[in-house]
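Visitor: All the letters of the sequence shown, read from the start, carry residue numbers -31 to -1, 1 to 495 under mature numbering (1 follows the signal peptide of the UniProt record, and there is no 0).
By construction, these hints were calculated from the structure, which means they are not laboratory data. Here a beta-carbon is modelled for each residue, glycine too, at the ideal position from N, C-alpha and C. A couple of the hints might just be wrong.
[Said to hold, decoys possible] Here are the simulated distance ranges between beta carbons:
no. : residue 1 : residue 2 : range
1   : Thr411    : Val246    : 42 to 48 Å
2   : Thr20     : Asn364    : 40 to 46 Å
3   : Thr145    : Thr344    : 50 to 56 Å
4   : Arg132    : Val246    : 48 to 54 Å
5   : Pro461    : Val243    : 35 to 41 Å
6   : Ser436    : Lys303    : 20 to 26 Å
7   : Glu252    : Ser151    : 23 to 29 Å
8   : Ile406    : Asn121    : 17 to 23 Å
9   : Ser151    : Thr18     : 24 to 30 Å
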Amino acid sequence: MWMREMKPNPSPAFLSLFLVASIMCCYVADCYDPLDPNGNITITYDIQTWTTRGYVVLWIGEFSLEVNSNYVNYVKVNPSLSHSILDIFITQNKQLDWIQSYLWDKLSCLFLHYYSCRDLYFCSFVAFFCRVIGATGRVTIQNYYQFRHVENPGWKLAWTWTRGEVIWSMNGAFATEQGNCSLFKFDIPHSCEERPVILDLMPEASLGNRSEGCCRSGVLSAWAVDRSKSFSSFEISVGSKDEDGNELPPANITLMAPGPGYTCSPFLDSHPTVSSVIDGKREVQVFRTWKSTCTYSIFVDNKTPVCCVSLSAFYNPSITPCPSCSCGCRKANKSSVQCTRDEYQLSSSDSATNLSSVRCSDHMCPVRVHWHVETNYINHWRVKLTVSNYNYNRNYSNWNILVQHPGFGQSTEAFSFNSSQLPSLRYGDELALFWGIENFNTELVQSTESNMGYVTTDILFEKDLESFTLSNGWALPRRVYFNGDNCHMPLPDTFPMLPNGNTKQSLSLYLFILLFFFDLFVLVKV
């Protein structure tokens, strides 16, 4: 039925094979999208410069120094010491009688001794400091998905330090928790968490906290919609006690964007990032680059479906609605206007945050996409595309719609949406991506009890007279995506058909189903 040229009597064996292939494609698309096989989010960690933050207190205590003619023995006496003595060391070095320093193991450590002898053999002093070697770097989160964007509340990035690092400072982002920084007495780090969680800054962040490519509240545009807003970056200054040159990248990277549907690879060494300076006349290279690739899976996300498709045409008075229970079944009675739905199918989080309020319907989807074949001209044909928001408490910012249809192989024009053709790769049907016009309809607003939030446009198609037909549902879409999520399509036998074609269509459908189950039985037996 979804063929460019429909035969009056299609081969039953071919139809059965086609249905099996379609079902398998649906399952595969849940974890690997054949319409965007190279889509991913890449996290790049560039080490730009090395710095020394000075000496940081690791332990303070009081010792006794036992001296004789043959050796010097250090014996711990009291683990606590007044901070006033430490202040003397740091701010009034002239009061020190002597300072002895040396490397201890592979750490750049320093013993500071307060030489205050009560007699010839016993003296008191305080214990050691260690110098922290730091690195300034830039972390970039780049969205390479063609039509899946990161929406509010934005991305959330986390990793685990492997060598006891601390974050001294950040620009363009922030760690949600400072953690236990009690080991540091003077210069306090931004975060001492072993596993920091990092968020993007808001657009109104002060200039002193900003960095290039930051401060979009964690929102990333899809690659095909706006490449200039498809990435986010921040600067980070990290301290470590280790200076042996064997730096290790953070481990256990997780990306919430904003849900849990992304799985990230470990950071791997990559070719150092090269950038241009002095108006492109000079290239500079970072010291080291690590990269991690994050891919989306609906199975990992465990999200309840969010959209469905309804169909209609000028040649048929009936409307094909969204399939019942497309995004969950209606629990309220038929008279209710407002219903609640689960955002996630098996949520371990607070049940209150997992519920959303939507307008009651048989499909229970928060978003419905309606495709109406409006007019048939001599050389063109027209479609009205409408996207409706059934949510009572959520707007969709910077939404996008992807439609798969062979008609996009010809010249098309969308009157109220931006649009772009995407490569169809090995699939014959063409792909078109639609999104809102700035300051006009980029916001798909929520519904109220009296009004439905929606955006709509007319699309004018140029006819390919060799393939165009209104028969067998050819003018209807093959697949529709909303914000990267595959929308639930009606079954082909429910598509609006030309008049006087119902009996023939029903017979073909019955034969189709019978042969499908027969072939399936044969395959199982084999």
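Visitor: State for each hint whether it applies.
Guide: Hints and how they fare:
1. About 35 Å separates the C-beta atoms of Thr411 and Val246, a value inconsistent with the hinted range of 42 to 48 Å.
2. A hinted range of 40 to 46 Å holds for the C-beta pair Thr20 and Asn364, which are about 44 Å apart.
3. Between Thr145 and Thr344 the beta carbons are some 54 Å apart, a value that agrees with the proposed interval 50 to 56 Å.
4. The hinted range of 48 to 54 Å is not satisfied by Arg132 and Val246, whose Cβ atoms lie roughly 31 Å apart.
5. Between Pro461 and Val243 the C-beta distance comes to about 52 Å, which lies outside the given range of 35 to 41 Å.
6. For Ser436 and Lys303, the hinted distance range of 20 to 26 Å is not satisfied, since their beta carbons lie about 43 Å from each other.
7. Range check, Glu252 to Ser151: Cβ separation about 44 Å, and the 23 to 29 Å hint is violated.
8. Separated by about 20 Å at the C-beta atoms, Ile406 and Asn121 satisfy the suggested range of 17 to 23 Å.
9. The hinted range of 24 to 30 Å is satisfied by Ser151 and Thr18, whose Cβ atoms lie roughly 28 Å apart.
This entry does not satisfy hints 1, 4, 5, 6 and 7, going by the numbered hints stated previously.
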